[in-house]
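A.B. asks: With chain S's structure known, arrange chain R on it following the hints.
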Amino acid sequence: MDDKNPPVVTPPSSDGLNVPPVTTDDKGKGDGLPVKTDAEKQAEAYREQQSRADKAESQLSETDQRLAFLESVAGESMRERMTSEFIAENKDTYPDVTAEDLKELVSSPDDFERVAKHLQKKHEDIRQSTLASVREVPDQSMTEDEKTAEKAKIKPGPRSFGEFLRIQSTRTRK
Amino acid sequence: METGTRTTATNANDHILDIEEGIHYLNPRHNGIRFVKNLLENGRAGKDKVAKSYKHEWHETSLPPRREVVTLADGSGTALTVANTSVYPIGTELRIENEIVIVTARTNATVLAIARAQLGTTGAAHTAQFALNLGYAGEEYGTGPEALSTNAVQLYNFVQTFESAVEMSDKEIAQLSSEIGNPFSAQLERITAFFWKTFAQSVFKGIRGSTTRNGRPVHYMGGVDSFLTTNVYDINGAMTNANIDTAILGLMNAGGTPDVIVMSPARYLKLGALDITYMQITKDEDTGGNPVYKKWRSAASENDLDIIVDFSILDSELYILDSSKLALLPLENNGVNGRLAIVEATAPGASGKRKILRGHYTLVVELEAGHAKLIRLT
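Chains as they are written, first to last, in my numbering: chain S, 31 to 204; chain R, 14 to 391.
Careful: at least some of the hints might be erroneous.
[Stated by the list, open to error] With a Cα cut of at most 30 Å, we get these calculated DSSO-like pairs of lysine-lysine: (1) K62(R) <-> K181(S); (2) K183(S) <-> K308(R); (3) K210(R) <-> K204(S); (4) K68(R) <-> K181(S); (5) K50(R) <-> K183(S); (6) K177(S) <-> K210(R); (7) K218(R) <-> K204(S); (8) K50(R) <-> K181(S); (9) K184(R) <-> K177(S); (10) K181(S) <-> K308(R); (11) K62(R) <-> K204(S); (12) K204(S) <-> K308(R); (13) K181(S) <-> K307(R); (14) K366(R) <-> K177(S); (15) K307(R) <-> K183(S); (16) K185(S) <-> K50(R); (17) K210(R) <-> K183(S); (18) K183(S) <-> K68(R); (19) K366(R) <-> K181(S); (20) K185(S) <-> K307(R); (21) K184(R) <-> K185(S); (22) K147(S) <-> K133(S); (23) K68(R) <-> K185(S); (24) K177(S) <-> K50(R); (25) K177(S) <-> K65(R); (26) K210(R) <-> K68(R).
Derived by calculation from the structure, the hints in this document are not laboratory data. These numbers were taken from a predicted model, which means no experiment stands behind them.
Looking at chain S on its own, in the form it has when it is part of the complex (with noise of 0.2 Å):
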């Protein structure tokens, strides 16, 4: 800190009584160097102890933050080797669960288990509903002997041919 103006201290009186006040300014003594006064050698001290300080905290705080992290990286890597277990040791069971599914979802080693039933289960469901859907939508398409079974229900009538037309045109499923 480079101060304009050094601070005014006031020494200490013994009798009480007031004294001109010492400055820090040193010109006109003796051999011109700085006299420095206990005060100001303990709060020398005091902020060289300070900043000592300081930079130990700061240096325990990235030391901190690199275990964090090395922690972390340890973790990550056997949640994914525990994953890929759980996934080859359950994969008749749960064959459409996936490691990704797992590692996003998965926070502790005993939560493997609920979360892949459910997810498989969510996987189900889905297929069910899916299937359910195709069924309602009508096939178009017709085998040969859908066709020819079609073709004899045909009644007799002014829409006959157009009927014949109708499914000989369709599409024929082999």
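C.D. replies: Below, chain R alone, put in the same frame as chain S:
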């Protein structure tokens, strides 16, 4: 399409939709389409029943008559005069009244050599009596009768390419599968019905021949008229039950089973005026794919004959046919199906509207003597 010298009937690129089967779902009444349906069914009977080239050939072998009127002047003469000896294999057994004779040789085209008084019977004179063909008595483990080939003749008919233009785009054809009562199906139905009606006229009146147009061969399918020559009865007078019965008897004797009687609408009116004792007309039932025809029952046969009334037939004539001996065969050339189908036309082609109904067919008349025709009826 149809560029270059293609030998196939059509190809996979221009083939769009088979509609031959649609003939069963048309609703024709009293016209040749119904008859054509029968003949197409005969052509469908087996996969081998297809034409393999534009000139379709087959062997025609007349069957021996089931019975023939003969005369033997005494009980020992060994010459028997018949209509055609080639249909009697050596060894054929004939019964004339109470005498059995056996054919030993064919002397010439009309005279058989026979052994008299066979199998314990006695030779006797026979005047205008039926010689009933009892067949060939084969020897056990013998060589069988001689091969019969002298009477077999090679016949042929041309496969004709029948075509009719249609004005439908691919999109319109695609719509057929999505809508019942589609307006395009009605258009197609009219054109298809017209196609089969004109086709029916070729089935009866087509004259076999071929020519060249634009450097390419054009074939004409011969109709029933072209093949029917043996049993043509020139009536030159009014139609009677007796006329018809005589023809039916002749056909049955030749090995045929007459089952269809075909005539014009005007002739149908006259048929209705014949003695009702001999006529039974049943109600025509409209059953779509399997129509029950009006039937006519001759006094000469216990089989009812389906009545087909069509404008193809002249008012002065009447056909009595064995429809089981007639077939319409599609061309199966190089693996390409010649049955009636919608195919691509020339420009505008695949993306445009113009299409063609095309089928390649030939008529086969088997057992020519099993069909008859009455002409100059009044």
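A.B. asks: For every hint, state whether the structure bears it out.
C.D. replies: Do the hints match the structure? See the list:
{"no.": "1", "hint": "K62(R) <-> K181(S)", "verdict": "24 Å, holds"}
{"no.": "2", "hint": "K183(S) <-> K308(R)", "verdict": "27 Å, holds"}
{"no.": "3", "hint": "K210(R) <-> K204(S)", "verdict": "35 Å, violated"}
{"no.": "4", "hint": "K68(R) <-> K181(S)", "verdict": "34 Å, violated"}
{"no.": "5", "hint": "K50(R) <-> K183(S)", "verdict": "19 Å, holds"}
{"no.": "6", "hint": "K177(S) <-> K210(R)", "verdict": "27 Å, holds"}
{"no.": "7", "hint": "K218(R) <-> K204(S)", "verdict": "42 Å, violated"}
{"no.": "8", "hint": "K50(R) <-> K181(S)", "verdict": "16 Å, holds"}
{"no.": "9", "hint": "K184(R) <-> K177(S)", "verdict": "22 Å, holds"}
{"no.": "10", "hint": "K181(S) <-> K308(R)", "verdict": "27 Å, holds"}
{"no.": "11", "hint": "K62(R) <-> K204(S)", "verdict": "26 Å, holds"}
{"no.": "12", "hint": "K204(S) <-> K308(R)", "verdict": "43 Å, violated"}
{"no.": "13", "hint": "K181(S) <-> K307(R)", "verdict": "25 Å, holds"}
{"no.": "14", "hint": "K366(R) <-> K177(S)", "verdict": "27 Å, holds"}
{"no.": "15", "hint": "K307(R) <-> K183(S)", "verdict": "24 Å, holds"}
{"no.": "16", "hint": "K185(S) <-> K50(R)", "verdict": "18 Å, holds"}
{"no.": "17", "hint": "K210(R) <-> K183(S)", "verdict": "26 Å, holds"}
{"no.": "18", "hint": "K183(S) <-> K68(R)", "verdict": "39 Å, violated"}
{"no.": "19", "hint": "K366(R) <-> K181(S)", "verdict": "28 Å, holds"}
{"no.": "20", "hint": "K185(S) <-> K307(R)", "verdict": "20 Å, holds"}
{"no.": "21", "hint": "K184(R) <-> K185(S)", "verdict": "27 Å, holds"}
{"no.": "22", "hint": "K147(S) <-> K133(S)", "verdict": "14 Å, holds"}
{"no.": "23", "hint": "K68(R) <-> K185(S)", "verdict": "39 Å, violated"}
{"no.": "24", "hint": "K177(S) <-> K50(R)", "verdict": "20 Å, holds"}
{"no.": "25", "hint": "K177(S) <-> K65(R)", "verdict": "28 Å, holds"}
{"no.": "26", "hint": "K210(R) <-> K68(R)", "verdict": "24 Å, holds"}
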